[in-house]
Amino acid sequence: MTADLTSQALPDFVSVLSLAATAYQGQRNNRPSAEVVVNALLQAEKAAKQQRVTYPFESLVGQWRLCFVTGTRKVRKQAGIVLGKGFYLPKFAPTHISFHTTQASDATSARAEISNSVQLGAVLLKLQGPAQYPGKKNLLAFDFIQMQISLFGRVIYSGQIRGGKGQAVNFYSQPVAKLPFFAFFLVTEDLIAARGRGGGLALWIREK
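Numbers 3 to 210, taken from my numbering, label the letters of the sequence shown in order.
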């Protein structure tokens, strides 16, 4: 089932996550507690699996600010990895993720790309690389192959990492399961939520 991003009948977990997103951008004391947000994320993930919701890549295109994350911790082998406590990201260190398409080298098709950035004062660190979104289970696989560092808005370093262009060529021949990935389970006009390969959950807000 393809998700309807304009639906007016919002489940409770969407309302909670929307409140968390708007409160994060505004008044701190209006934020739902970390426990409430984690529960809402888990409910959203469960609902997406039960309803077999799918989202087109176009719904992810744009820039998103990381709002809330959970850690993970290892327990006994029988239990594997479980969620740690969740927390809101500090606003003094804005972290963004963005998705867009670019023309392939053969000029006959488009390919997905990802970038991730974090700003600490005057320093901005940005990572970029290829992504693939086959559509199954809303998995988006990626690999960062380019790093850029800016100081006061001026680029002071830009170079390839992890094999650069050679790694990008190999990237498209690798199965998604062997790559870093996000499994998106909620996408609206204003927010996205996903579980990472390591097991943690994350909530992003669209940058206007």
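Among the hints, erroneous ones may be present.
Claimed, not checked - Quick list of simulated restraints, FRET-style, between CB atoms:
#, residue 1, residue 2, range
1, Tyr174, Leu122, 16 to 24 Å
2, Gly73, Gln27, 19 to 27 Å
3, Gln65, Met149, 28 to 36 Å
4, Pro96, Glu37, 20 to 28 Å
Read the hints as simulated data drawn from the structure, not as lab findings.
The structure presented is a predicted model; accordingly, all values stated were derived computationally and were not measured.
Even for Gly, the Cβ is constructed at its ideal location relative to N, Cα and C.
We went through each hint and held it up to the structure:
A hinted range of 16 to 24 Å is violated for the C-beta pair Tyr174 and Leu122, which are about 33 Å apart. In this structure the hint that Gly73 and Gln27 lie 19 to 27 Å apart at CB holds, the actual value being about 23 Å. A hinted range of 28 to 36 Å is violated for the C-beta pair Gln65 and Met149, which are about 18 Å apart. In this structure, Pro96 and Glu37 meet the distance hint of 20 to 28 Å, their C-beta atoms being roughly 24 Å apart.
Hints 1 and 3 from the list above are not met by this structure, while the remaining hints are.
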